[in-house]
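A.B. asks: Each chain, letter by letter, is given below.
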Amino acid sequence: MLPTAAMAGNAETKGGLKITSDDGNFSGSLGGRIHFDTYLFDTDIEDPTSTTDFRRARITLKGNIYDWRYVLEQDFAAGDTHAGFRDVFLAHEFLNGEVRIGQFKPFRSMSEMTSSNEITFLERPFSSSTGLFDGHQFQQGIGWTGVLDCFTLGMMAFNLRDAGTPRNEGVGASGRLAWHPINTDYKTLHIGTSVSYENANQDSTDILAEADYAGRRGPSQLMALTPGDLGGDVSTVGLELAGSYGPLYLQAEYAIGDFEGNYYLSEFDYEDWFGAPAPFSCDPDFGCFIGNQTVHTWYVQGSWMLTGEHKTYNVKRGAFNSAKHTGNGLWGGSWELTARYDTMENRDYDFLEASSTTIGLNYYANSNIRFMVNFIFGDDDFTGDETNQLGLRAQVRW
Amino acid sequence: MLPTAAMAGNAETKGGLKITSDDGNFSGSLGGRIHFDTYLFDTDIEDPTSTTDFRRARITLKGNIYDWRYVLEQDFAAGDTHAGFRDVFLAHEFLNGEVRIGQFKPFRSMSEMTSSNEITFLERPFSSSTGLFDGHQFQQGIGWTGVLDCFTLGMMAFNLRDAGTPRNEGVGASGRLAWHPINTDYKTLHIGTSVSYENANQDSTDILAEADYAGRRGPSQLMALTPGDLGGDVSTVGLELAGSYGPLYLQAEYAIGDFEGNYYLSEFDYEDWFGAPAPFSCDPDFGCFIGNQTVHTWYVQGSWMLTGEHKTYNVKRGAFNSAKHTGNGLWGGSWELTARYDTMENRDYDFLEASSTTIGLNYYANSNIRFMVNFIFGDDDFTGDETNQLGLRAQVRW
Amino acid sequence: MLPTAAMAGNAETKGGLKITSDDGNFSGSLGGRIHFDTYLFDTDIEDPTSTTDFRRARITLKGNIYDWRYVLEQDFAAGDTHAGFRDVFLAHEFLNGEVRIGQFKPFRSMSEMTSSNEITFLERPFSSSTGLFDGHQFQQGIGWTGVLDCFTLGMMAFNLRDAGTPRNEGVGASGRLAWHPINTDYKTLHIGTSVSYENANQDSTDILAEADYAGRRGPSQLMALTPGDLGGDVSTVGLELAGSYGPLYLQAEYAIGDFEGNYYLSEFDYEDWFGAPAPFSCDPDFGCFIGNQTVHTWYVQGSWMLTGEHKTYNVKRGAFNSAKHTGNGLWGGSWELTARYDTMENRDYDFLEASSTTIGLNYYANSNIRFMVNFIFGDDDFTGDETNQLGLRAQVRW
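Residue numbers (our numbering), protein chains in the order written: chain H, 1 to 398; chain B, 1 to 398; chain Z, 1 to 398.
Any given hint might turn out to be false.
One copy or two, it doesn't matter: identical chains are merged, so the pair holds either way.
Unchecked claim - With a Cα cut of at most 25 angstroms, we get these calculated SDA-like pairs of lysine to any residue: (1) Lys316 / Val71; (2) Lys187 / Phe289; (3) Lys324 / Tyr66; (4) Lys187 / Glu46; (5) Lys187 / His82; (6) Lys62 / Asp269; (7) Lys62 / Gly333; (8) Lys324 / Glu93; (9) Lys62 / Leu392.
Honestly, the hints are just simulated from the structure, not real lab data.
Put together the whole structure using the sequences plus the hints.
C.D. replies: What follows is the structure, given as structure tokens:
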């Protein structure tokens, strides 16, 4: 706290702490979230461990200081505090939006822009950092995001790291444009696109795409890679189409990623990393040649609010939120039936394709508390594994 | 914080932050504790390092949302944020108590149910996770605790892990019943019992009982073990008798643990783990046979409030709190003289027995601040070590 | 939070959270800071990685409980929560000051006493724990600090550790006396001195002096060492002279450290640790003799508030704060031009000398937000390296 006298203010709570100064120039808040999961596996070739797990346990400090604001968010479920950095930035109002400096998400993929409190399923689809942008959910740099008319824009230039990644000289940039020509209390239409470019450099780690096709803590299939220490780069482009109509909601994305490469992996490393032998002949001296790889991924997901509520659209994010709670349903809650098909494919290696089919049910006890069930049917064409998961979540945010 | 407008509320403080909404439906608070210790050893065979140490440095977020509540507690003194998870759960009112989902303490041992802010000595006795339930203080699962008439009940089914333990398929359950037939402002009588069962499974770590007979950071004697990777199990039963009469307080527990086993340890490993050679002959080919082991532990502890205050009974926990502060004594504080005898024995190995005798003095500066001195006389029959400790604590909670 | 009813209170904010009870006996607050840096290197012999980095990301809990107070500060930028302990102590009012128990900074070096939110440059000079007291910024123990007339005093006896250092039996003590014969709204004169003694013992880590002569995350030159496991000790004495006159400010320190030693390093280790071969002949059998070493370090730094403000003097700390914000300058901010020369030398080894010349510019957007640019010209005489750094910082505190 500053040594100077703080401003008298008003206290509020919805389960957290918030104080706003009487003159409106200052505010501070302490929020958070707990996502507690249980994973039960129907194992196949792979034998993951069924267990309970804290998916997220975050504290979120936010504040406004005149036309500036800050966010400091730490996820204790990450194990060490570097890996636990989430949104940590300073922002200044600019052009009906804000300039951000620090760590935040590059603007790409509608599913990535959706808060983890609002995602329809336990995990995001492969078009996000849960797949195509593996481990690159948050990056450090400078960007701007704002809303102009019925367009939501975002752009960021970044150092190829978050607080948990080794310091390195890799760089990247991304931009996203979302258009919502229709957005009423009853129906929304969303069309979007994003592009991203990442360039590894001194001390960069490898850039990967991975598919966790049987849910969190299940098996993982490496889908593409380019080495950081050889200065590889990755370019992606994505398209988004989504809409809601009363209690119905549908969302789809298609994304393509180009992983630039030109090097050899030993046969042993290939099998070790990809989980199966190379589906092409390797050079006995040099090993298996890894050239440019193109990854395609797409998903379609939808839901039906059984209790009749309508999923709302978050204009600032250009993404859907959960429906507004009404308490009409069983146990005074809202109920949502959900389904998704999600797939990712490396077009340069035969059979390097994984997909995930999910059906689920969400129960919203109130605006802060949600319970989720997901049945996830995994399918890895490369290894032949067909592990399935029953995933459960108890979620509270404040 | 939710994007929706928070409820106007009332701010309060006793050193922390608390806001309650005007309609009483919501509240949020930020509390915490610091326990700063100094350990000075009178070393014997063992030579532990005398040092200062933060025993606890926690932040505690709590909130109420209608008939739900959450707790998110992190102990920075644990080193990494996984190990730092303490109470982290979501709860719903149910039957004059609450159903909890997440991480919390299994209901077993009166000393375990006592908050670390309220324990009479620097450390809990061997009947708790400081001994019989080594490292299993918090587990993840679902449970219920409540008060029915003059009974305090608790039961929990859990995955054999906390957030700092590897994911595994071990399971367990525990239940506790406490009865306080007498509980007035002047005297309390408490009788209690608890049972617990833990079953290791895929990826479980070993289940151990250990005795830190010369205080924290002093030497530790392994008392029993069953291996997690062989699917061992442990059953325990405990009895509690406690009471207070004016400024006097007395508490005792007796607990028995059955460690199921049927395997061999090499002679080297036996001596390495237990600190002394096996007290029986080992097979030259297979090593030292470890069969079922039965551990008995009991303690008697008491205190006398020199300044006349009365230790209060916490009905929700079924355990004693510190006395209510009056400020009658020297330096405006309350003073408490304390003593404990604590012992644990493995009945299947000769001389595998350790005990700890403690005398101490507590000074309560006010309701938030306490200073403690403990003289701990350790005795390990198995190794012959008789290390002693002088332990000091400065404690603040808010 | 205590189970007893908290006191009704008043809420305030300057970007954080603060509640004070109506009777003034209690208060609690949640503050914090984010320092986000970018380092770009003009590399020479050394080739450090240009990158972005969170220099600090802290939460700070403070509270008052009658005539006691606590501070619990955790820096998530440290990676693990032990290393993240900053000020974590309990204090009691005593003699126009306070007695502290726990972890805090030993009282030595004016630059060390200056808050990281208030330092004129990105990093502190070599007279602090950034050089002479390498890694010994915070220690655990007991101390007193207070203001008597125009004197600021501080003294501390400590265990040679912070929460991130291994437990050990090393001890130390330090004391500082600062005198401000002049301190008006327009001009201040400060004269100070401090002494420190550190004695390694069982399990102590080595005691080092190091010079990060090209900024944070740049190359580092070992300047002196004495081994912890041989029980070495280090004595230091420092002198301070500083003043401000309107928008001008000047500060200088001179410190001498005696590193006691009497042992041999292998030629390989010498070159590995010091970055260049020993500048004296080593014994072929025993290696390079390390005797007592005397380190001298001094710096002169100054600044000119281009927008005319005056840097204020913090009497409690005996150190300068940033100027009070007026908003007179470009972009509604205050602007400060800064320069420093900083050098450290081991007088017992030829050429073991490193220096750092910095010029910089600070922009204060308001009382909470600051942006900094530093051009740092490094010079290591021992290795011949002349790496330079351009460092940038975005800083917010609340």
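A.B. asks: Indicate, hint by hint, whether the structure satisfies it.
C.D. replies: Hints, one by one, checked against the model:
no.	hint	result
1	Lys316 / Val71	within (16 angstroms within a copy, 30 angstroms between copies)
2	Lys187 / Phe289	neither (50 angstroms within a copy, 71 angstroms between copies)
3	Lys324 / Tyr66	between (30 angstroms within a copy, 17 angstroms between copies)
4	Lys187 / Glu46	neither (43 angstroms within a copy, 60 angstroms between copies)
5	Lys187 / His82	neither (41 angstroms within a copy, 42 angstroms between copies)
6	Lys62 / Asp269	neither (45 angstroms within a copy, 48 angstroms between copies)
7	Lys62 / Gly333	between (29 angstroms within a copy, 23 angstroms between copies)
8	Lys324 / Glu93	between (28 angstroms within a copy, 24 angstroms between copies)
9	Lys62 / Leu392	between (30 angstroms within a copy, 23 angstroms between copies)
Figure legend: structure checked against the earlier numbered hints; hints not met, in rising order: 2, 4, 5, 6.
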